Amino acid sequence: MGRQSVGIIAPQMASQATSRIRNFSIIAHIDHGKSTLADRLLELTGTVSARDLTEQMLDTMDLERERGITIKAQAVRMSYQAQDGLTYEFNLIDTPGHVDFAYEVSRALAACEGALLVVDASQGIEAQTLANVYKALELGLEIVPVVNKIDLPQADPELVREEIARVIGIPAERSILASARTGEGVDRILEAVVTALPPPVGDAEAPLRALIFDCKYDAYRGVVVYVRVMDGRLRSGTQIRMMASQGTFAVDEVGIFRPSMVAVDELTAGEVGYLIASIRNVRDSKVGDTITEVSRPAREALPGYRQVSPMVWAGLFPVEGDDYQGLKEALDRLQLNDAALTFEAETSVALGFGFRCGFLGLLHMEIVQERLEREFQLNLITTAPSVAYRVTLRNGTDLEIDNPDQLPEVGLIETIEEPRVKLEIVVPREHLGGIMELCQERRGEFVQLEYQPPGERALLTYDLPLGEIIHDFYDQLKSRSRGYASMDYQLTGYRPEQLVKLDVLVAGSRVDALSIIVHRQQASVQGRKLVQRLRQVIPRQLFEVAIQAAVGGKVIARETVPALRKDVLAKCYGGDITRKRKLLEKQREGKQRMKRVGSVEIPQEAFMAVLSLDR
Amino acid sequence: MTAEADLAQPLSLYLHVPFCAVHCPYCDFAIHIGAEDLHRPYIEAVIRELRLLAAGGAERHPLDTVYLGGGTPSLLDRQLLEDLLSAVREAFAIAPDGEITIEANPTDLTDEQARGWLALGINRVSLGVQSLDDRSLRWLGRNHDRSQALAAIEVLQGAGLENLSCDLIYAIPEQSTEVFAAGIRALASYSPAHVSCYELTVEAGTPLAWSVAQGRAKAPRERDFLEQHRLARGVLEGAGLLQYEVSNYARPGRESRHNLGYWQGRHYLAAGCGAHGFVSPGMAGGWGIETTPSAVGVRYWNLRNASTYIKQVGALGHGRRGQEEIDEAQREAERLACGLRLRDGVELSQPQQLATAEDLVRLGLLTLSGSRAIATTSGIEVLDRVTLELLGPVPVPYPVSSLPGSN
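In order, the protein sequence lines correspond to chains A and B. Letter 141 of the first sequence, counting from 1, is numbered 141 in the numbering used here, and no numbers are missing. Position in the second sequence counted from 1, then plus 615, gives you the numbering used here.
It is possible that some hints are incorrect.
[Said to hold, decoys possible] In silico BS3-like cross-links for lysine-lysine, where the CA-CA straight-line distance does not exceed 25 Å:
| hint | chain 1 | residue 1 | chain 2 | residue 2 |
| --- | --- | --- | --- | --- |
| 1 | B | K833 | A | K571 |
| 2 | A | K554 | A | K586 |
| 3 | B | K833 | A | K566 |
| 4 | A | K422 | A | K135 |
| 5 | A | K586 | A | K566 |
| 6 | A | K566 | A | K582 |
Treat the hints as calculated values from the structure; they're not laboratory data. Predicted model, so just to flag it, every value in this text is computed and none were measured.
Using the sequences provided together with the hints, build the complete structure.
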């Protein structure tokens, strides 16, 4: 077959091919059964045999499986023989489920034409799920609701169907009742993917436009870019350009996920797969960026690209100064695969050399911290997370301060602005009071309250400082609603506030890593609670230790850790000196996890004490 | 180091006798209640183990001290005791001025028994008085009362025993400081040569720990610990018994040589179930225990259960359950931890330790004379922390290159 004839028949074949492609993702709240459903789909389409199926197939990191969350997006191609006798190509894109990764979710959704909305038959729709559904609807996705876990005794599928109808406007009868665990209804889900979700549209002959919806770093092959081809074709040898970050690369390989990577000749409009192009850094492959061809560039990039920037900052310090280099190398390694993580060197008088790290949110921070400790065996101290404040000085200089310790002197400051968010909470009616109280305590301003379905659950909207959310808000939300409330938030802007820096002095010296920024009106209450909390977590030393909170050099609260009075006197008999030594070794290791600030040993948890202040 | 060279330093022997009449709920030693039928086979097993220990290179070596601990060694009848001590003398030798101690319970201690021990060469008795308050003794689950305890002291002293040590427990929740004070004064009036006065420790896994966890027994109180410890020191030192270790008091020259051996890092052999020994790598090698070149000592421990112990000795000749090599850093940590408990204190060698010691001197917890650190009376009360301070951080096991920004 000549080259020319390929060009002539290709468009027809492509459109025929795309008519049998379905690209979709699954929207679900944590624990509503997304991963189990994905496992079942893989099994029923024969993509992975039941024998090879490890539970939660698509959550590849240990952390993901343990916590039941998805951190990285995954894609998998399945072949499905439908009742119409035709074989369809399904691309399931599994998305991260947490509010920290909202942007990544939106890009993964943008790579799809449809989504399965999985809702627990006993729980109903949660706030975060709703936020993602709205996102999907905005992007024009078709939604197939699945009421999952109908095998549970407390399931009320009809009520959940009605709720979906009322909230999202999809007729109740279109919600599929299923149990991913038992497999019931999963066949109907597969059919609905074929019949209810549209095939992709795209022009295989138009200039290349491929959406990057994730990427991962592979030690041997460099960056593996997850793409959805919107227009044109992508094959090895193609010279590509990233339209936002402007990098150009030669494609070495394209392929699909089955679920392991399998190379193919080309990916054409409508298809989902990966490309490898000797990209060394995940920063050169930004989620949401559009890939085009150097020789025949698209005129316009795909919509929706956004530069991802951290929302929350914290200092990470090795407990042992010797680990500094190790921490740097570990952060470098993590950053290879995590474009949202930022870090720069930071020096603290109290904690020594470390790094100021930027995260998408608290979960992201916890994940990074946990991976550093687990995968790199580092012993770390994390300081209390902070948001970035915009500070305007009297002399007109603008600063962005993400480390409370760096807030300039009060006298120099004209204004301090803090970031605010629109916070949406879904909460059962009986817990509404407690949750509203929580929002008020956190300086929230009420925006609106709706009931959905009427009288059942409240959708509560507040305008609230971001800084208030990152300090123990989520745990409080859960505990005040007995676990039933869920939340989602979006940054809305900055607003000037009366903010001050609260310093902590331990045994007379200021501990820079313990400084926090608080609202002036809350300073004395917060200061009192902080020193009380520190008194509980700082162990008794060989001498009395004063803990003080101060604003602008003025002490506003004080507590004292009395000196240790007794530690030993136990007898040391028999020849079992080993036991005595081991006891000492254990205590020595315990001390190891403390940081010596001046003459006082401060345990790790003290630096996070501000997070657990009961307000 | 060869086995011969080891023998230049004094060697001790600990023999464990696990039999007791009752189980004291606070005790976590290896013991068996009753089990009279086990006495003979058990002692035979210990004798067999002794011979194997001696064959490792300590044969005919004069022992500086022998300690019969328990359990309740005083439960053994005279014949068994005699067989055991003869075996010790046969396998090793006992130095002419050797200290031979037996632990005894006051229950039914007779003059005949006491004189029998002296005749066997036993020259030190450690008597488990524990308290001179009947209520406290019942709370402790002891099977003797105050009058029996005092009678036992009189019997031992009447038989001509000079080196009598009495154990006393303080911070018993049932016992007020006043009652404790009366007890220790009464004890001091008998002028024992030595008193071991230690706090009630709720050891994990004991019936007492269980009762405390269940809320059925009160836990000892911190206030009592300090009050009664200070009181005991005042009364005993006033009576001429000096505190030479955290929980031990003696007339000068009557310190327990055997226990000092433990605290000063000397070598000791051990036989019997649950016993611990500490020997040179050379001697351990004589028993077939291989060590790496970094070993400076070997600590070993025996099976805790008497029946299992007897079986294993039958099969292998020894009751060893496990052992560990002690390297220089561990020996140093032990030297410091044990040495600080002693009145004579401990030599500090490293500059960092001396610097830390100076801080502790400023806090009134240590005195330093030259490079010798001695805990003060307040230092003794927080000695574990003082020790941790002096030990410093756990040494990094491998060299790490790293200055911030060196990359």
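Evaluated hints:
1. Distance restraint check for K833 of chain B and K571 of chain A: the Cα-Cα separation of roughly 20 Å lies within the 25 Å cut-off, and the hinted pair is therefore satisfied.
2. This hinted pair does not check out: K554 of chain A and K586 of chain A have alpha carbons roughly 40 Å apart, beyond 25 Å.
3. Only pairs whose Cα atoms come within 25 Å are accepted, and K833 of chain B paired with K566 of chain A is accepted, the gap being roughly 19 Å.
4. At roughly 15 Å between alpha-carbon atoms, K422 of chain A and K135 of chain A fall within 25 Å of each other, so this suggested pair holds.
5. Proposed proximity of K586 of chain A and K566 of chain A is supported: the alpha carbons are some 18 Å apart, at most 25 Å.
6. With a CA separation close to 20 Å, the supplied pair K566 of chain A and K582 of chain A stays within the 25 Å bound.
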